[in-house]
Amino acid sequence: MGSKWFRSTLGLAFALALVATGCGGGHRLDAVVTSVTTAQGWIDAGNEAKIVGEPLFYEPLGVGFDKSASLDPQSLVAAVSGIVEQMHADGTLTAMSTKWYGIDLTIGPTEQAGGAGAPAPSEPVCTSVDQAAGDLLARICQDGEIRVSTDPAYPPQSLLNETTGEFEGFDIDVATEIANRLGVNVAWKQPSWDVLIAGGWNDRWDMSVGSMTTTKDRQEVLYFTPPYYYTPAVVVVRADDTAVKDLSTDLDGKKIGVCGGCTYDYFLQKTLDIPGYTFNFIIDDADIHTYDTDSTALQDLQI
Amino acid sequence: MKAEETGAGATRPPGTPAGSGRMNRLALASAGVPFRLKVAIVWVVIFAILGFFFHLAGFDTGWILDKIPYIAGGLRYTIMIALGGIVLAIVLALLGALGRLSRNPIAYGVTGFYTSFFRGTPLIVQLFLIYLALPQIGVNLSARLPWIPSGLTGMFTLESTVAGILGLGLNYGAYMSEIFRAGIQSVGHGQGEAAEALGMTYRQKMWRIVLPQAFRVIVPPTGNEFIAMMKDTALVSFLGTTVAAMEIFRRSQLVGKHYYKNLEAYIAAAVLYWILTAIFSYFQGRLERRLSKGYVRAAGPERKARFVHGSGGAGSGAMMVEVPMPDTPDEERPDG
Chain A
1 MGSKWFRSTL GLAFALALVA TGCGGGHRLD AVVTSVTTAQ GWIDAGNEAK IVGEPLFYEP
61 LGVGFDKSAS LDPQSLVAAV SGIVEQMHAD GTLTAMSTKW YGIDLTIGPT EQAGGAGAPA
121 PSEPVCTSVD QAAGDLLARI CQDGEIRVST DPAYPPQSLL NETTGEFEGF DIDVATEIAN
181 RLGVNVAWKQ PSWDVLIAGG WNDRWDMSVG SMTTTKDRQE VLYFTPPYYY TPAVVVVRAD
241 DTAVKDLSTD LDGKKIGVCG GCTYDYFLQK TLDIPGYTFN FIIDDADIHT YDTDSTALQD
301 LQI
Chain B
304 MKAEETGAGA TRPPGTPAGS GRMNRLALAS AGVPFRLKVA IVWVVIFAIL GFFFHLAGFD
364 TGWILDKIPY IAGGLRYTIM IALGGIVLAI VLALLGALGR LSRNPIAYGV TGFYTSFFRG
424 TPLIVQLFLI YLALPQIGVN LSARLPWIPS GLTGMFTLES TVAGILGLGL NYGAYMSEIF
484 RAGIQSVGHG QGEAAEALGM TYRQKMWRIV LPQAFRVIVP PTGNEFIAMM KDTALVSFLG
544 TTVAAMEIFR RSQLVGKHYY KNLEAYIAAA VLYWILTAIF SYFQGRLERR LSKGYVRAAG
604 PERKARFVHG SGGAGSGAMM VEVPMPDTPD EERPDG
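Chains as they are written, first to last, in the numbering used here: chain A, 1 to 303; chain B, 304 to 639.
Simulated from the structure, these hints should not be mistaken for laboratory data. All residues carry an ideal CB built from backbone N, CA and C; glycine is no exception. It cannot be assumed that every hint is accurate.
Claimed, not checked - From chain B, some residues computed to sit far from chain A (all C-beta separations above 12 Å):
| hint | residue |
| --- | --- |
| 1 | I344 |
| 2 | V345 |
| 3 | V348 |
| 4 | F355 |
| 5 | Y417 |
| 6 | Y434 |
| 7 | V442 |
| 8 | L448 |
| 9 | A485 |
| 10 | V513 |
| 11 | V546 |
| 12 | R553 |
| 13 | V558 |
| 14 | G559 |
| 15 | K560 |
Unchecked claim - Straight-line distance between alpha carbons at most 25 Å, and here's what the computed SDA-like set of lysine to any residue pairs gives:
| hint | chain 1 | residue 1 | chain 2 | residue 2 |
| --- | --- | --- | --- | --- |
| 16 | A | K270 | A | W193 |
| 17 | A | K67 | B | G361 |
| 18 | A | K50 | B | G361 |
| 19 | A | K67 | B | V442 |
| 20 | B | K534 | A | T296 |
| 21 | A | K50 | B | A360 |
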């Protein structure tokens, strides 16, 4: 096949070409799309990143319940929906949002600001529930405990304080307050996100307060309360990046990192469907890179 | 010992290769230094290089040291899951091996299917199937056959730790059944025939004669599997966890996410797993040496047997090699 010299050069060139395709020449990602709360938390932790431009969209986040639960959950859904509306009206949600996010995210893009000052009702829901009714709400009131799922891998929504062994975060506070107003205690469960959004919880837990967007696909398997808050989705880039300024043109075709199976993934694929909301898909042909969580995507952005 | 040509009066310690060259001169010059010390120096150099890269990567070592106690708290759950898994795996492996060696078509067929399926599908898929699909089966069973008590079908919904142990046991049992089969086949045919000639039943033959001898061949690869399983317990955290029972990986994942220091957290977990593996390997080595006692040529009073790990072959474990001291004449070697 030719001289030994030729063959070894060919082999070397081939190897270098392989390595070059793998290396990719520098940055793995040009941008990340995530919620403003996660992005701000990342920046506040001292990472060299910045948020660019206006939010891409607002997503409503509701409390979720499994449609296939063996006991009928609809009275529970109605009760918690009522509680969520009270919490909007009396300013509790606004206070919690300000505490954890620094801004009031409970106002949707088209809604009025929550009231402040109407006092919370004094009677917990369970005192007026017929415990013989045999549905999920009755069982919860009977046990005195509601099992709530959370994923403590998402600060500031939910995180584990390892010194106390307790969960902390906006979602934790909201769920605890809902349980208080029902008149029961909270037992925490930690399923993984994929198990959570697919429905089919097999009665392992009763309620999910996990900043879950109320998309059409999820509404087929889960009941949702009205939104308890909204998160704007924003674009995050490296702090020294100057290439991205106009979001409708500068991101087309670029390498964008998102959390896999999250609404940001669907937004980039232009398949995001939330009943009652329309979206302006301004990013075209994004080279989507999916990760297991937002923080892993942000980590890759810094490289 | 090879007969080497030593040139002009130079004496070489046995075991050093003939010929000149840089490596051989180094070996000669350092021949007085014990082997173990030289190996230790190599390790120190490797760690120094690694430490240099670690420093270059800019990890927050202070944070790692701060959080290691919390992450190490998951040790007992890791060990618990791994122990549960390996016990189940050993039982299944034994049954699987006996089935593979059997002439009974049902035993052979069932164990053949078992090893094929559980070796052929990914462990994470198996764990999800056990955790998510079994409850669905339970629910549908009780819907179709309402006379089954709901407590029974409720048992299909497993806790994540239990599902993890079950999945690990089934998966590793399939791989280990080949190990057990090789171990059983390594026992001489004559042993089994002698047992049958003495009138032992199959169970007596296996339990009293064959398996105790097979044990020695089975232990090293089984220890290997246990070490691998300790790392695979991390996959259980992907099913879901409870606050009380979080093992090493889950703890490191949550602490990392809390402080946005994922890499440092995973490094802490890696170090802990490594230490765990090293400790277990040490005990495994002692067990192997103990089991080998019946197989080593009897050592005489002036003889020191140096323990050498068998590196060749199919990794079948420890082999005792005798290294006679240089000044012991051959006539004193015992027979056999």
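Hint check results:
The Cβ of I344 (chain B) sits about 33 Å from the closest Cβ of chain A, beyond the 12 Å cut-off, so the non-interface label holds. The claim that V345 (chain B) lies off the interface holds: its Cβ sits roughly 29 Å from the closest Cβ of chain A, which is beyond the 12 Å cut-off. The claim that V348 (chain B) lies off the interface holds: its Cβ sits roughly 27 Å from the closest Cβ of chain A, which is beyond the 12 Å cut-off. The non-interface label for F355 (chain B) is consistent with chain A: the shortest C-beta to C-beta separation is roughly 20 Å, beyond 12 Å.
No beta-carbon of chain A comes within 12 Å of the beta-carbon of Y417 (chain B); the shortest separation is about 26 Å. Distance check for Y434 (chain B) against chain A: the nearest CB is about 8 Å away, which does not clear 12 Å, and the non-interface claim fails. Look at V442 (chain B): its CB is around 7 Å from the nearest CB on chain A, not clear of 12 Å, so calling it non-interface is violated. Distance to chain A confirms L448 (chain B) as a non-interface residue, since its nearest Cβ pair spans about 16 Å, more than 12 Å.
The claim that A485 (chain B) lies off the interface holds: its Cβ sits roughly 38 Å from the closest Cβ of chain A, which is beyond the 12 Å cut-off. Once the 12 Å rule is applied to beta carbons, V513 (chain B) is consistent with being away from chain A; the minimum gap is 44 Å. Taking the minimum C-beta to C-beta distance to chain A, about 6 Å, the non-interface status of V546 (chain B) is violated against the 12 Å cut. R553 (chain B), annotated as away from the interface, has a beta carbon of chain A within 12 Å; the closest lies near 8 Å.
At the 12 Å boundary, the C-beta of V558 (chain B) falls inside the reach of chain A, the nearest C-beta of that chain being 5 Å off. For G559 (chain B), the condition that its CB be more than 12 Å from all CB atoms of chain A is violated, with the nearest at approximately 8 Å. Separation of K560 (chain B) from chain A is inadequate, the least Cβ-Cβ distance of about 4 Å not exceeding the 12 Å criterion. As the CA atoms of K270 (chain A) and W193 (chain A) are separated by approximately 22 Å, the hinted pair is consistent with the 25 Å bound.
Our distance criterion of 25 Å between C-alpha atoms is broken by K67 (chain A) and G361 (chain B), whose separation comes to about 48 Å. Straight-line distance between C-alpha atoms of K50 (chain A) and G361 (chain B) comes to about 22 Å, which keeps the hinted pair within the 25 Å bound. With a C-alpha separation of about 14 Å, the suggested pair K67 (chain A) and V442 (chain B) falls inside the 25 Å cut-off, and the hint holds. With a C-alpha separation of about 21 Å, the suggested pairing of K534 (chain B) with T296 (chain A) holds against the 25 Å cut-off.
Between K50 (chain A) and A360 (chain B) the alpha-carbon distance is near 23 Å, which keeps this suggested pair within the 25 Å criterion.
Violated hints for the displayed structure, listed by number in ascending order: 6, 7, 11, 12, 13, 14, 15 and 17.
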